[in-house]
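Protein sequence lines, in the order shown, are assigned to chains A and B.
Just so you know, we're using my numbering here: the first sequence kicks off at 1 and counts up by one.
Just so you know, we're using my numbering here: the second sequence kicks off at 1 and counts up by one.
Possibly wrong hints are sitting among the right ones.
[Unchecked claim] Straight-line Cα separation of at most 27 Å, DSSO-like style, residue types lysine-lysine; simulated pairs:
(1) B:K35 with A:K10
(2) B:K70 with A:K31
(3) B:K70 with B:K35
(4) B:K132 with B:K109
(5) A:K56 with B:K109
(6) B:K109 with A:K40
[As the list claims (entries may be wrong)] Only part of the chain A face toward chain B is listed, based on derived beta-carbon distances under 7 Å:
(7) T8
(8) P16
(9) I70
(10) I71
No lab work stands behind these hints, which were simulated from the structure alone.
Computed from a prediction, not measured in an experiment: that's the story for all the values here.
Ideal placement from N, C-alpha and C gives every residue a C-beta, glycine not left out.
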Amino acid sequence: MKAKVYVTLKTGVLDPQGKAVEQALHALGFKEVGDVRIGKYLEIALNGATREDAEKRVREMCEKLLANLIIEDYRLEIVP
Amino acid sequence: MKFAVLVFPGSNCDHDCYHALKHVVGVETSFVWHKEESLAGFDGVVIPGGFSYGDYLRCGAIARFSPIMKAVETFAREGGSVIGICNGFQILVEAGLLPGALIRNRGLKFICADVSLRVETTGTPYTAEFRKGEVLTMPIAHAEGNYVADPETLEKLKRNDQVVFRYCDAQGNATDAANPNGAMDNIAGIVSERRNVLGMMPHPDRCAEEILGGGDGLRLFRSMVGSLSESRV
Numbered sequence: 001m002k003a004k005v006y007v008t009l010k011t012g013v014l015d016p017q018g019k020a021v022e023q024a025l026h027a028l029g030f031k032e033v034g035d036v037r038i039g040k041y042l043e044i045a046l047n048g049a050t051r052e053d054a055e056k057r058v059r060e061m062c063e064k065l066l067a068n069l070i071i072e073d074y075r076l077e078i079v080p
Numbered sequence: 001m002k003f004a005v006l007v008f009p010g011s012n013c014d015h016d017c018y019h020a021l022k023h024v025v026g027v028e029t030s031f032v033w034h035k036e037e038s039l040a041g042f043d044g045v046v047i048p049g050g051f052s053y054g055d056y057l058r059c060g061a062i063a064r065f066s067p068i069m070k071a072v073e074t075f076a077r078e079g080g081s082v083i084g085i086c087n088g089f090q091i092l093v094e095a096g097l098l099p100g101a102l103i104r105n106r107g108l109k110f111i112c113a114d115v116s117l118r119v120e121t122t123g124t125p126y127t128a129e130f131r132k133g134e135v136l137t138m139p140i141a142h143a144e145g146n147y148v149a150d151p152e153t154l155e156k157l158k159r160n161d162q163v164v165f166r167y168c169d170a171q172g173n174a175t176d177a178a179n180p181n182g183a184m185d186n187i188a189g190i191v192s193e194r195r196n197v198l199g200m201m202p203h204p205d206r207c208a209e210e211i212l213g214g215g216d217g218l219r220l221f222r223s224m225v226g227s228l229s230e231s232r233v
């Protein structure tokens with residue numbers, strides 16, 4: 001089993017990297033580009049857990065270490 | 001009196017802090033490796049700057065779970081003096097010993113430069129030697145020093161006089177132009193509600209001797225040592 005975890009900055013938290021990429025895309029002529037936000041993507045291999053347990057445990061991992069809930073949100077998927 | 005300078009894999013200002021305390025201020029100081037679990041016998045703790053764990057995941061996020069940090073949490077809860085400088089500040093906010101977070105500088109770049117700082121309060125053990133409103137010069141050296149907190153936290157910090165230093169111009173005006181990293185409200189350093197835990201992005205350890213371009217950092221360390229000596233009498 002594998003967990004896919006996405007960690008993103010909360011709405012309203014300044015994302016200077018996203019802003020820089022947004023400006024670069026505009027400079028390249030991609031005028032349709034609006035707000036760009038950069039986040040992190042993690043793949044976590046999980047050994048011998050039920051899907052339900054896995055989700056609970058990964059949620060715990062996110063809240064303890066993977067995301068800083070003051071500035072970041074996370075979402076996750078459990079895949080076979 | 002004895003100070004601990006914590007050492008994590010990737011700390012790189014540990015020797016500067018050790019030198020400032022031991023050789024310039026003249027107090028007993030020891031390095032404490034992050035795998036240690038006790039701070040018994042120490043009167044103050046310095047969490048130095050650097051790149052603990054290579055800044056992986058988020059600055060300070062992994063160091064915050066090093067074995068010594070449990071002892072630091074207990075030490076701080078009991079009112080012990082803890083100062084976190086630069087990466088040390090990042091570790092303290094990750095550990096929840098100080099509120100808020102430190103994100104990427106608004107200009108994206110690592111900034112290594114002298115900045116002007118306004119002393120916002122002398123009501124801490126670290127700023128007793130300063131005057132309120134005084135303008136100091138200290139170097140900063142960071143890419144993630146942009147202080148953020150939610151509006152309630154920010155309000156609480158102000159209400160409780162917990163903002164210790166603000167970035168300012170040479171005249172002491174905390175303007176946006178004088179804000180090097182985009183920190184909310186120009187915040188460069190804050191103290192805990194109990195006033196025993198200080199976190200700051202500027203480096204007092206890099207200006208603790210005239211030969212290093214100034215002595216404002218030395219005054220901060222001397223304040224800390226002085227306050228501790230007084231509280232012991």
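**Message:** So, against the hints stated earlier in the document, which numbers end up violated here?
**Reply:** Those not satisfied are hints 1, 2, 4, 5 and 7.
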